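Chemist: Okay, here's what each chain looks like letter by letter:
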Amino acid sequence: MALPERKTDIGPPHYEQFLPPVIKKNYGKWLYHEVLSPGTMKHVAESGDEIYTVRVASPRLLSTDSIRDICEIADKYCDGYLRFTTRNNIEFLVSDKSKLDPLVKELKEKNYTIGGIGPRVSNIVHTQGWVHCHSACTDASGLVKSIMDELYEYFTEKELPNKVRLAVACCVNMCGAVHCSDIAIVAVHRKPPVVDDENVPKLCEIPTTVASCPTAAIRPNPKTKSIIINEERCMYCGNCFTVCPPISIHNPEEDGVAIVVGGKVSNLRSDPKFSKLAIPFFYNDPPRWPKVVQAVKNILETYAKHARKHERVGEWVERIGWERFFSLTGIEFTFQHIDDFTFARDTFRTSAAFKF
Amino acid sequence: MALPERKTDIGPPHYEQFLPPVIKKNYGKWLYHEVLSPGTMKHVAESGDEIYTVRVASPRLLSTDSIRDICEIADKYCDGYLRFTTRNNIEFLVSDKSKLDPLVKELKEKNYTIGGIGPRVSNIVHTQGWVHCHSACTDASGLVKSIMDELYEYFTEKELPNKVRLAVACCVNMCGAVHCSDIAIVAVHRKPPVVDDENVPKLCEIPTTVASCPTAAIRPNPKTKSIIINEERCMYCGNCFTVCPPISIHNPEEDGVAIVVGGKVSNLRSDPKFSKLAIPFFYNDPPRWPKVVQAVKNILETYAKHARKHERVGEWVERIGWERFFSLTGIEFTFQHIDDFTFARDTFRTSAAFKF
Amino acid sequence: MSGKYKTPMLDELEKGPWPSFVTEIKKAAKKSDMAEDELGQLEKSYNTKRGYWKHGGIVGVLGYGGGVIGRYSSLPEEFPGVAHFHTVRVNQPSGFFYTTKALREICDIWDKYGSGLTNLHGSTGDLVLLGTKTENLEAVFAELSSRGWDLGGSGSAMRTPSCCVGMARCEWANIDTMDLCNELTQYYQDQLHRPAFPYKFKIKISGCACDCVAAIARADLSIIGTWKDSIQINQDEVRKYAEAGLDIQKEIVDMCPTQCMYYNPEDKTLKIADAECNRCMHCIAKMTKALRPGKEKGATLLVGSKAPIVVGSLLSWVIVPFMKLTPPYDDLKELIDKMIEWWDDNAKPRERIGELIEAKGMRAFLEAIGVPPMPQQVKEPRKDPFFFWAESDFKK
Amino acid sequence: MSGKYKTPMLDELEKGPWPSFVTEIKKAAKKSDMAEDELGQLEKSYNTKRGYWKHGGIVGVLGYGGGVIGRYSSLPEEFPGVAHFHTVRVNQPSGFFYTTKALREICDIWDKYGSGLTNLHGSTGDLVLLGTKTENLEAVFAELSSRGWDLGGSGSAMRTPSCCVGMARCEWANIDTMDLCNELTQYYQDQLHRPAFPYKFKIKISGCACDCVAAIARADLSIIGTWKDSIQINQDEVRKYAEAGLDIQKEIVDMCPTQCMYYNPEDKTLKIADAECNRCMHCIAKMTKALRPGKEKGATLLVGSKAPIVVGSLLSWVIVPFMKLTPPYDDLKELIDKMIEWWDDNAKPRERIGELIEAKGMRAFLEAIGVPPMPQQVKEPRKDPFFFWAESDFKK
Ligand code: SRM
Ligand code: SRM
Ligand code: SRM
Ligand code: SRM
Ligand code: SF4
Ligand code: SF4
Ligand code: SF4
Ligand code: SF4
Ligand code: SF4
Ligand code: SF4
Ligand code: SF4
Ligand code: SF4
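Chains as they are written, first to last, in our numbering: chain L, 1 to 356; chain Y, 1 to 356; chain U, 1 to 396; chain W, 1 to 396.
Please note that a few of the clues may not be correct.
Below, computed lysine-lysine pairings styled on DSSO-like, alpha-carbon distance capped at 30 Å [stated by the list, open to error]:
#1 Lys110(L) <-> Lys6(U)
#2 Lys42(L) <-> Lys286(U)
#3 Lys4(W) <-> Lys15(W)
#4 Lys286(W) <-> Lys355(L)
#5 Lys110(L) <-> Lys4(U)
#6 Lys25(Y) <-> Lys324(W)
#7 Lys268(W) <-> Lys309(L)
Covered, in the sense of this in silico footprint (three residues per stretch, anywhere, with C-beta under 8 Å from a C-beta of chain L), are these stretches of chain W [stated by the list, open to error]:
#8 270–278
#9 314–320
#10 386–393
No wet-lab data here; the hints were simulated from the structure.
Here the structure is a predicted model, which means the values were calculated and not measured.
Glycine is no exception: its CB is placed at the ideal position from the N, C-alpha and C atoms.
Bound conformation, chain L alone:
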């Protein structure tokens, strides 16, 4: 069967063709919105026109059949228009108000999970994990599923002080926004990599490999034409493995995940913040990582209990102080928590005013 003629450098299709007519008409002229329920909202335009959105959870990893199922629903209630959010939820765009309730009803019947709007947990931004990435040191999808099963009602129903953004990254390359998330999980190694001296000279550029190390732990080995790793200095980031495959960092017995907290990207009230280390390590414990799930839930619920309305996790922690975060959550403080990377100095406490 002949293939159609290929084109190059055409770029993505212009978005306009995918916009529902009411959006095209009121583009740039929206006046306000109202959150109607944890998964529905309406936006009202200056013209008085309205558009309704129903947000539905997605595992992000979707089969074509599931996409077709979704399309079928969108055809029925949304004139064939839908979108996805920046956190990978599905949004059904309803132009005809009368179709809102029936849509919600059908979604419920078909066991779709409606929610994620307003001060709640939304979908977890995550990465490939064992599903697809050679670098993965845990499975992202499995962690997400396990956590969201546990936090389900925080997506569909329960209110929190503010939005809580979760993320999972399967290695420190952090292909998500782990470094600025309210609560996030990042997979970490704990043993220096093993060097295959035979293949390194064949497959790797030595200077690039040396330069790849954040702690300058790698030096060339003129004898073997390979490299030597100073194990004292290595903090197991795996970047040498990224640039030089014969350096193997995986160690199933000692790999696992860390939990970081308190990041945000929005500018509301306080500046965007990096996430900070809360718990340095859990062993990988598939299929459901129960300790990790409980630790996330504990942090979330401690926040829910103590934070003021509109405070993000990081804002709450900064108000009460990190020493109090550790005492309220009951998390142990270890040497790993104390920074020793480039900017460590700025994290040391330079004040006699703190809580016990």
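Got chain L; can you put chains Y, U and W with the ligands on it based on the hints?
Modeler: Same frame as chain L, but now just chains Y, U and W with the ligands:
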């Protein structure tokens, strides 16, 4: 004339012998104090005993004759007891209340400057300058005198939102607390040092000299057995000169002073803070550095006008934002203000929320 | 084909209320032996706690240097269906809007040539088609491109720009994020498809300081909409919020970071000292009917954010506090070109622009792109009196 | 001798109300040709905008390696009186208390053997005698030490400790700063007088978080008094402050950094949630009659502050959040000894302890001195997931 027998390692005299009886009696049992005037206060003990303090300005650089004058007054009103403060003011300690007013009267008659207590400018902590230090790149005492003449009434009388701590250092060794002062002056060079290749090998340890450079601008010169300075990297700190005299950093035409602001050491309300660069340069302009004096006054009075009660300079600036500090004071923002030393990254703005 | 593998571990992950990715893989596995072997290999990973993927080799479509992530199983005999398992990054339309027709076309192509598995969407923003063989790549590309789709970026290239929903459905958009995203994507087609940069370069665009595409955290160039004049206040609506029970003092005024708001509970009116407002969006977000961004709209340009490797994670830094943005965005394009040129000229391989700015100093970067120093670029001025003077600084 | 030099520049600095150092030098110059030549050389500096001092050579008194700063004029022919112009650092008594008798004795000695110029006091705390000749040093020392005075520190040594006035005249002192300062000075006599450290080591002691000796900014070991239990409230006095017109809500409660205070304007009472109080001292300082520190007193130990060279200025870092301090302070001495030992074993020449901790990592330091990790030691935990595991961490 024979010298008396020397003793070694006896340490300083025990402080107890210098304490007025009322202090010895109520040591550790003070209840409260009251500021009676800009230069007088009383401390009341649990026993009901009182001690009165009269604070008097000092140039710190005192001749023995002036010390004797002070002693005479202390004998007359304080039973021979006096002390100095950590900012080099003189404190007359009056145990007998009836002697307070006569003391103040005599001090005024003799033109002593009474003040510095409470929310005011106190004495300027400063260093040696041309009076005594080989490293001095300005004169500290002259700057202090010129500034305090101008700010005189802020010591003797006028209230400010809070204490304002000034400091002057005559080189970046900063033998004061410039790095944590409300407003401070630090002398700076602006040209790389000149190396005397003949004497460097004779008088300096090359490795120490190389290591002394904060920006790694110095490398050994194997040919001359001296060193080479990469002028591109040199930021004129003069540390190489400190460890190696034949490296000359002084350049009378281009030396001068910078003004830094917003530091504090107390823990009240907010953590101790470093001072930050406000004005990168003024030429040395002895004997009275009029532009420097006016710049300090401008910053002080802008603070006095805009800060809330109890706010220190740094707290005020952090509340309004540095961009507003520059617009309110009318100080120009230059490339020098943007950090490029080790921790520069942390000073770059990572937020879309700022003022215009 | 289904049922080739027993997957007791993964089956656990079909339990519970959240939609299951395992169910998705199983669905695809019914039609595709690639998906089926993915399932099998993944079950093995769950048992042994490790992945079985090799480092990706370079694969792609003719004339392109990116858009496909090569991926090979390290157990090709055991799982032949995933011996090759490359992903195809399809450049999403701005704002992630689709018609069902368009999505179905993609599904059909992918059922024919791929595993039937997708990611909607990848973290950068692409519509990711997950897993196909080398020999199918050209066919996939021909099918896609003939229907109006193109590939996204990978490797040391411009990466697929992305943006928030913006003016399409948000009352706070200060710039037309979707149009700008589309324009820049089109403008950088060559750089997107033919990696020639020192490393990746990402652009993300949010319409306001809520930053719903997390631009400030994960884009070499973060464009964030804002305004210069005063917040528009509708006092009637303020009163209605008060009457509806909103504690305006506590929830709005007291949480305003610049303390520039004043609420009068007597007459239920709100005042803002606009010159002191930093446009953080808190009050607007919580009182959307009463408060709106100002009318003089534009964007803040920030540069440098990225993940932790090598120097630690970065958030983007303010470079241009305010720029008007009107199509065709020539000023902006010119400025981005200058940024990239400077980066390209100076960076080592695998050095992101943020890392380079830190290494060379902010001054070098600003001078290269012709932007003057401004206090908005810093949180605070430097502390230590260690600073440089250029010859040009002595002139005055 | 007076009148040898015309000093039009310096004369300007005798004008104005603030006490003039020029007047002081002139006073001394009436009696001392050292002081007179100091005046002449300084006038020259004012004209040429540069100093005329050479790098100090090593001079001192027998058996001591420090306490004297050698100083020589670079124009000895022009100003022979300051050809040598060394300073003698006399260790001040704790708290800078004196009797007139003691001060006069020092003045007499200094008139006899020195320039008659002093600094009361030097920045570190010493009583500085400014300017004498090498040949007079032994005589000065004999005169001083026979009267109970000793030299302070200089060079790579323990430096003269200093402290705030503390219990002698301050109601907020949580520790006996003057006793502790004296004890430590005595304990470290050998280290103070015979430089054998990698670089200088300074100790400063403040009785509370007001930190009136600026310990946190300029001491390798900063000791700051604090308490563990609850602030003592006298509600009668609270009421009196309110009645006297203090706006307790605005000036106290709203400025409390931890927002742990509650004021009831009805009955004019104040409540504090003490577990949330960080003991910043603001409320106590502003309401000293009503509020007092708690009763379980001790100190926080912080380490590392210094001036900017080489790595940038440092503030001290919390190492021990709370330690009881009772004479003879054996725990504390032992801990300081361990700190110094580790520093001595590991530092390069001219490396301060703060710089070494940064270079080696906080863990290495804490383990060496036997202090466990505590959240009080940090403002915040690390951000990037780049951390080490020691063998010992795997054991559990
Ligand atoms: C649909 C979406 C944009 C898109 O192009 O897809 C979106 C849409 C809206 N966002 Fe957002 N945000 C979306 C991702 C984000 C992100 C990005 C992210 O999570 O990675 C952020 C930054 C999060 C952070 O700071 O870490 C974000 C921070 C906000 C905020 C600020 C919240 C705060 O107080 O910090 C608001 C304002 C608010 O909630 O009051 C907001 C408000 C809104 C509003 C109300 C704007 C409007 O008037 O339409 C929209 C619906 C709110 C809702 O979902 O509760 N949106 N929003 C994204 C939905 C993601 C999802 O499926 O959950
Ligand atoms: C006498 C002296 C201690 C000594 O041992 O010599 C002293 C004495 C007192 N200080 Fe202090 N402080 C003294 C240097 C300091 C320093 C150190 C410095 O300036 O280098 C500081 C830290 C400054 C900083 O943060 O940069 C200092 C920060 C304070 C504060 C905190 C002010 C704030 O809000 O930040 C208080 C509390 C207050 O003022 O309400 C305070 C309060 C006091 C009290 C009221 C304490 C008391 O109950 O006796 C004393 C009289 C106050 C006054 O002078 O207004 N004292 N005080 C020092 C006088 C220096 C001078 O001559 O001016
Ligand atoms: C597919 C995706 C994750 C996902 O599940 O969504 C992904 C997957 C990979 N990323 Fe990523 N990155 C993805 C978004 C990101 C993001 C988020 C973003 O773009 O907003 C980041 C953080 C932001 C940033 O750029 O810093 C990210 C930071 C990295 C890094 C670290 C780069 C750095 O400078 O620190 C690497 C390492 C590398 O480039 O060698 C990396 C490398 C990789 C590689 C190519 C693995 C490698 O070492 O070569 C992964 C291929 C996995 C696979 O086999 O499918 N990926 N990567 C995302 C791209 C999909 C898309 O096109 O839409
Ligand atoms: C006299 C005094 C200044 C004053 O006018 O009061 C002083 C004077 C000198 N200091 Fe200092 N320092 C003095 C207190 C300080 C302080 C403040 C303090 O101790 O609280 C500091 C900042 C805190 C610190 O230690 O970091 C200080 C930081 C320095 C430095 C930088 C040290 C560093 O690690 O960054 C140097 C450079 C050096 O040691 O080579 C230095 C070096 C010097 C030398 C010895 C010059 C040199 O390069 O060798 C100066 C001798 C001047 C002279 O001829 O009289 N001086 N020096 C102070 C000592 C008097 C006393 O004993 O009481
Ligand atoms: S975070 Fe690491 S393991 Fe996960 S997809 Fe990205 S590069 Fe791969
Ligand atoms: S794993 Fe990271 S720290 Fe360790 S040697 Fe490799 S690059 Fe360096
Ligand atoms: S600051 Fe510099 S010039 Fe001034 S006394 Fe200290 S070392 Fe000397
Ligand atoms: S002056 Fe400072 S920066 Fe310049 S070479 Fe000397 S030590 Fe280095
Ligand atoms: S970033 Fe602003 S403009 Fe864009 S969707 Fe979010 S709230 Fe709306
Ligand atoms: S946008 Fe933010 S800073 Fe401006 S008035 Fe509203 S809350 Fe205050
Ligand atoms: S530091 Fe505290 S105890 Fe010492 S004098 Fe100052 S206020 Fe009093
Ligand atoms: S000491 Fe400081 S933190 Fe504690 S109650 Fe008083 S003001 Fe608040």
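Chemist: The structure should be examined with respect to each hint, and the outcome stated for every one.
Modeler: So, going through the hints one by one against the coordinates:
Distance restraint check for lysine 110(L) and lysine 6(U): the Cα-Cα separation of roughly 27 Å lies within the 30 Å cut-off, and the hinted pair is therefore satisfied. For the hint linking lysine 42(L) to lysine 286(U), the alpha-carbon distance of about 16 Å falls within 30 Å, and the restraint holds. For the hint linking lysine 4(W) to lysine 15(W), the alpha-carbon distance of about 21 Å falls within 30 Å, and the restraint holds. This hinted pair checks out: lysine 286(W) and lysine 355(L) have alpha carbons roughly 21 Å apart, not beyond 30 Å.
For the suggested pair lysine 110(L) and lysine 4(U), the alpha carbons sit about 28 Å apart, so the restraint of at most 30 Å is met. Of the pairs offered as hints, the one joining lysine 25(Y) and lysine 324(W) holds, with about 24 Å between alpha carbons and a cut-off of 30 Å not exceeded. With a CA separation close to 28 Å, the supplied pair lysine 268(W) and lysine 309(L) stays within the 30 Å bound. Judged by the Cβ-Cβ criterion of 8 Å, the segment 270–278 of chain W is covered by chain L as claimed, because 4 of its residues qualify and three suffice.
Using a Cβ-Cβ cut-off of 8 Å, 5 residues of the segment 314–320 of chain W lie near chain L, which meets the minimum of three, so the contact claim holds. Check result for the segment 386–393 of chain W against chain L: holds, 6 residues qualifying (beta carbon to beta carbon below 8 Å, three or more required).
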